[in-house]
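J.: The chain contents come next:
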Amino acid sequence: MQRPKPLPNEVLSDLSVSAATKLQRLRHLGRYFKQSSKAMEQQVSRDARFYGSLIRLQQNWKVKRQRMAAIGPGSEGFSFDLLDNSFLDLTALSRPSSISTVRVDHHYSGILSIQRPQKSCRSISLRFIGADPRCKQKSFSRKKVYSSAEHPRTAKTEALTDEDVNECVKDTHSVLCEIHQSIFEEQVFDMVNHETYNPLPGVSVTGMREDFLQLAIGQETSVCLCLVPSGKEDVSQMVDPLGDSQNGESGLLNSDSMELSIVGDDKPDFLKLSGMPNPVSLEIYLLFIFLENVLARAKERRSCPVRAQVSGQPADDSCGVLGHFCMTVAHRIFSNKVLSELESLVNGVPYIQLLSHPTWHSRTSSWSLSLKVPQSVHAARRSKISDDHYLKHGMRSQFHTKVVVKDDQINVSGEGAPSIICSFRGSSSDVFSMNCYGCDLEDLPMILLQQVASQVIRWLHEEALVVGMKASRDFLCLYFDLDHGDTLGLVAHVDPDDINGCISWWVVMDDGSAEGKKLTDYGESEGRRFLGHLSLEALYATVMDLASLCSIGGIH
Amino acid sequence: MGPQGQTTSLQRLYLVEKRIVRVVELAGSVMDELANSTGPRTDILTTHCREFMQSIKEIQTTLREEIKSACEYRPFEKCDYSARISNEICCKKLEYIIEQLDGMQQSIDQCKDGI
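Going line by line, the protein sequences match chains A and B. Heads up, the first sequence is in UniProt numbering, so the first residue is 1 and it goes up one at a time. Heads up, the second sequence is in UniProt numbering, so the first residue is 1 and it goes up one at a time.
Source of the hints: derived by calculation from the structure; they are not laboratory data. Predicted model only: the values in this text are computed from it and were never measured. Just so you know, not all the hints are guaranteed correct.
In silico SDA-like cross-links for lysine to any residue, where the CA-CA straight-line distance does not exceed 25 Å [unchecked claim]:
#1 A:K22 <-> B:N36
#2 B:K92 <-> A:H173
#3 A:K62 <-> B:E88
#4 B:K57 <-> B:T42
#5 A:K170 <-> A:Q58
#6 A:K406 <-> A:H357
#7 A:K406 <-> A:G323
#8 B:K92 <-> A:D211
Chain A side only, calculated, beta carbon under 10 Å to chain B, not exhaustive [said to hold, decoys possible]:
#9 K22
#10 Y32
#11 M40
#12 H180
#13 S281
#14 E292
Derived list of chain A stretches under chain B, where covered just means 3 residues or more per stretch with a C-beta under 8 Å from a C-beta of chain B [unchecked claim]:
#15 41 to 48
#16 282 to 289
Backbone N, C-alpha and C fix where the C-beta goes; we use that ideal spot for every residue, glycine too.
In isolation and in its complexed conformation, chain A is listed as follows:
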């Protein structure tokens, strides 16, 4: 049986229904496309933010991806790897760094954020035992952004501008820098601990705990190195020389613990430590030398891969990097003492200048004392005579005394101090005599004062010869031959503890029978007169006045 032929109106209604259905489907399709395009637009801008940030960070940091791990919604398994492979095998890490991989989170608005690992951002802190931790200068700590405003930023979903994304990338970069630096400082701390297993000359380990190391350098100095959260001082870990731990709290650190007071501190100890080198500079130096050491070893390994690898320190002064560091600390302390001696000396003698010289070596310090003598008055009369004349005749306008300290050895080298040979030659112009000798800290002021005084005597001697006087000199004395066969002596007396001035002058008139007796024993008497602490000009005038008493051969 066939289907009955449809009537015209049925055909028309079928057509209209199918047309309407088609239009409906087209509209659905249109709506679907529009909605898809909107959703895609949002997705595209989200992805652009995220991957744009990731690419910018990838220019500086290694990015790793785990495709299989579905760690959570909105995370594609990216992470930053902050470990430097070339460092790994050289630093002999005793503990794998747990903070070396930082996970990347993908916020639903497309902002990239990172998860800070626990206990990240620690740095090495060096402190001298007994020093007040609050005195430590940390005024230049860089802006810390880890408790930063990422959360408010990700909270707002609309109006996420390019500046927001930019800020976010910069913040993330700063955080990664901090974590990276902190990893390095932890590695340095581990290397320091590793080096303490070998014996070090002059250094002993007096305390060792987790993240804490205390060293005794020499007899008097105690240093502690600890890993502390950046920007905070580890006050609760301080140990006094008796070995008792002074805990203000239970050892938990939080940001409120900055104001901890140390139980049992006494003020005099702080004053004693004012001559200590700045601990911040020592921290920087410690990081620097360990980095140099690691880089040097890496370079060595790259250039000679065939050589059998010996794990351990290279011959770095044969005492290791830590040994070198401790000797640097000891040297700095010692050279501060030397410097304070030199400064008090220069305070006491107005015509000396103290100059510091850079040595570019951490265990050597160098200064020089410069004595500038006034120009000879006679130079004005003899204007034709050039400077060469003066130099040829051994006359100079400046005398230098150099003080060099290497580790704890003081070396004084000066010119103009007459040796035995010079005094035999008499008054003829002699060559520059450079004497060089070592001395102790206690003897240093005396030796330097004698050096300076002898340089003054030498200068006066030369000036006396210029005006034609018969003069001879001997260490700290200048002798003039008088008309009647007598000898007048101008004697320098040095005393480092004299508050009026360290070099004072006496005039002695005798025939040498009182040799060997100290000037101050007799005080002023017939044969000796105290002139006082004269300036160089006054001394020069005195010598010129004495010229009238001496037999002058043919000048006038």
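Starting from the known structure of chain A, fit chain B onto it as the hints suggest.
T.: Relative to the frame of chain A, chain B by itself:
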């Protein structure tokens, strides 16, 4: 911000994505137009379809170029972590020295004021 080519390439790919979005949007408008109860307007249809085909062509060209250059990118080749540490230490040294110099400047100013 890095080699210029890299940033531009990223921008180009971003433009491609935006174009794809536009293309889908166009498809939606065409569908809407076709579903017009009074019948589609041919001029609008033609403009939309022309734009559609143009965009598809541009997308194809750009992608072809970018895929070629994308193979040249190699990550992790030069790890500069140790140089970064060196620079951080240099910065610390400089900050320390600047602090010392500021202190000296203050002392000098105080001495001048004292006079």
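J.: Holds or violated: A:M40 as interface residue toward chain B, Cβ cutoff 10 Å?
T.: For A:M40, the interface hint holds, since the closest Cβ of chain B sits about 5 Å away, which is under 10 Å.
J.: Have a go at the A:K22 hint: is there a Cβ in chain B nearer than 10 Å to its own Cβ?
T.: Where the cut-off is 10 Å and the nearest Cβ of chain B is about 8 Å from A:K22, the hint holds.
J.: Measure nothing beyond the straight line between the CA atoms of A:K170 and A:Q58; if it is 25 Å or shorter, mark the hint as holding.
T.: holds (13 Å)
J.: Three or more residues of the region 41 to 48 of chain A near chain B by CB distance under 8 Å?
T.: Held - the region 41 to 48 of chain A has 4 residues with a Cβ nearer than 8 Å to chain B, which meets the minimum of three.
J.: Is the hinted pair B:K92 and A:D211 satisfied, with a Cα-Cα distance of at most 25 Å?
T.: holds (22 Å)
J.: Holds or violated: A:K406 and A:G323, Cα atoms, limit 25 Å.
T.: Cα-Cα ~15 Å, so holds.
J.: Hold the hint about A:E292 up to the distance rule: shortest CB distance to chain B must be less than 10 Å.
T.: This hint holds: A:E292 lies near chain B, its Cβ roughly 9 Å from the closest one there, short of 10 Å.
J.: Identify whether the interface hint at A:Y32 stands, where standing means a beta carbon of chain B within less than 10 Å of its own.
T.: Holds, because the Cβ-Cβ distance from A:Y32 to chain B comes to roughly 7 Å (cut-off 10 Å).
J.: Take the C-alpha atoms of A:K62 and B:E88, compute the straight-line distance between them, and say whether it is at most 25 Å.
T.: holds (18 Å)
J.: If you look at each residue in the region 282 to 289 of chain A, do at least three have a Cβ nearer than 8 Å to any Cβ of chain B?
T.: It holds: at least three residues are needed, and the region 282 to 289 of chain A offers 3 whose Cβ sits within less than 8 Å of chain B.
J.: Are A:H180 and chain B close enough, Cβ to Cβ, to be under 10 Å, as the hint says?
T.: holds (7 Å)
J.: Under the criterion that the straight-line Cα-Cα distance not exceed 25 Å, is the pair B:K57, B:T42 satisfied?
T.: Judged against 25 Å, a Cα distance of about 22 Å means the pair holds.
Every hint, counting from the list given before, is met by this structure.
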